[in-house]
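Asks: Sequence:
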Amino acid sequence: MTMAETYTDYVNRVAITVPDEYIDIKTGESHFISKKTQEQIAYHATNSTLVHLVFSALENYFSEKTSAPTADNNDEILKELASIKKMLSAHPPVAPSRQMPRIQRVVQKEIDPDELDDVLEAFGG
Numbered sequence: 021m022t023m024a025e026t027y028t029d030y031v032n033r034v035a036i037t038v039p040d041e042y043i044d045i046k047t048g049e050s051h052f053i054s055k056k057t058q059e060q061i062a063y064h065a066t067n068s069t070l071v072h073l074v075f076s077a078l079e080n081y082f083s084e085k086t087s088a089p090t091a092d093n094n095d096e097i098l099k100e101l102a103s104i105k106k107m108l109s110a111h112p113p114v115a116p117s118r119q120m121p122r123i124q125r126v127v128q129k130e131i132d133p134d135e136l137d138d139v140l141e142a143f144g145g
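If you want this note's numbering, it's the 1-based position in the sequence shown plus 20.
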């Protein structure tokens, strides 16, 4: 076991001691501290934004909303798109009958800004 390191944001009077591992309070499982997490803590301590990192992480951790897309989520989405593409390739669309008239009707509807925000947030925009 290595010595725990303490990072301090002196401007905002915040200090964090980083152990080798921590216990996830939601699951009770132990996890090692990643190199990326340590680097971010060091960066934010140096730039006097450590308190913002901590509260941002806590808000994200306790948030009921779905998180931004991750590499795992993107892989899952790409797999689903590939299967849809495969299905469409296997069963090409049937051409419409020439006897049926083509009616195209465009209905313009005002977009709800809240719905637009939700969609953009869900896809990382």
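Where hints are given, some of them may not hold.
To be verified - Distance windows between CB atoms, simulated:
#1 I53 with E135: 33 to 41 angstroms
#2 Q58 with D138: 32 to 40 angstroms
#3 F82 with F52: 16 to 24 angstroms
#4 T26 with H51: 13 to 21 angstroms
#5 H51 with D138: 28 to 36 angstroms
#6 L78 with K55: 17 to 25 angstroms
#7 I97 with L136: 13 to 21 angstroms
#8 L78 with D137: 21 to 29 angstroms
#9 L78 with P133: 22 to 30 angstroms
#10 E25 with G48: 22 to 30 angstroms
#11 A24 with T47: 44 to 52 angstroms
#12 E79 with M107: 33 to 41 angstroms
#13 E130 with Y63: 21 to 29 angstroms
#14 I45 with T69: 21 to 29 angstroms
What the hints assert, rightly or not - Okay, derived cross-link-like pairs now, SDA-like style, lysine to any residue, Cα gap no bigger than 25 angstroms in a straight line:
#15 K46 with I36
#16 K56 with E79
#17 K46 with L101
These are computed hints drawn from the structure, not numbers from a lab. Note that the structure is predicted; figures quoted are calculated from it, not measured. Glycine included, every Cβ here is placed at the ideal spot set by N, Cα and C.
Asks: Check the following: the C-beta atoms of E79 and M107 are separated by a distance inside 33 to 41 angstroms.
Replies: holds (40 angstroms)
Asks: When you take the CB atoms of A24 and T47, is the distance between them in 44 to 52 angstroms?
Replies: violated (22 angstroms)
Asks: Does the Cβ-Cβ separation between Q58 and D138 fall within 32 to 40 angstroms?
Replies: For D138 against Q58, whose Cβ atoms are near 34 angstroms apart, the range 32 to 40 angstroms holds.
Asks: Confirm or reject the claim that E130 and Y63 have a C-beta distance inside 21 to 29 angstroms.
Replies: Given a distance of about 43 angstroms, which is not inside 21 to 29 angstroms, the answer is violated.
Asks: Could you say whether the range 22 to 30 angstroms given as a hint is met by the Cβ separation of L78 and P133?
Replies: holds (28 angstroms)
Asks: Holds or violated: the 21 to 29 angstroms window for the beta-carbon distance between I45 and T69?
Replies: holds (24 angstroms)
Asks: Quick check on a hinted range of 22 to 30 angstroms for E25 and G48, using CB atoms only.
Replies: holds (25 angstroms)
Asks: Please test the hint of 13 to 21 angstroms on the beta carbon pair from I97 and L136.
Replies: holds (20 angstroms)
Asks: Would the hint linking K46 and L101 be met if the CA-CA limit is 25 angstroms?
Replies: violated (32 angstroms)
Asks: Using the beta carbons of L78 and D137, state whether their distance is inside 21 to 29 angstroms or not.
Replies: holds (22 angstroms)
Asks: Indicate whether the distance between the beta carbons of I53 and E135 respects the range 33 to 41 angstroms.
Replies: About 39 angstroms separates the Cβ atoms of I53 and E135, which means 33 to 41 angstroms holds.
Asks: Taking 16 to 24 angstroms as the hint, is the beta-carbon distance of F82 and F52 inside that range?
Replies: Taking Cβ atoms as reference, F82 and F52 lie about 22 angstroms apart, which means the hint holds.
The structure is inconsistent with the numbered hints 11, 13, 17, although it conforms to all the rest.
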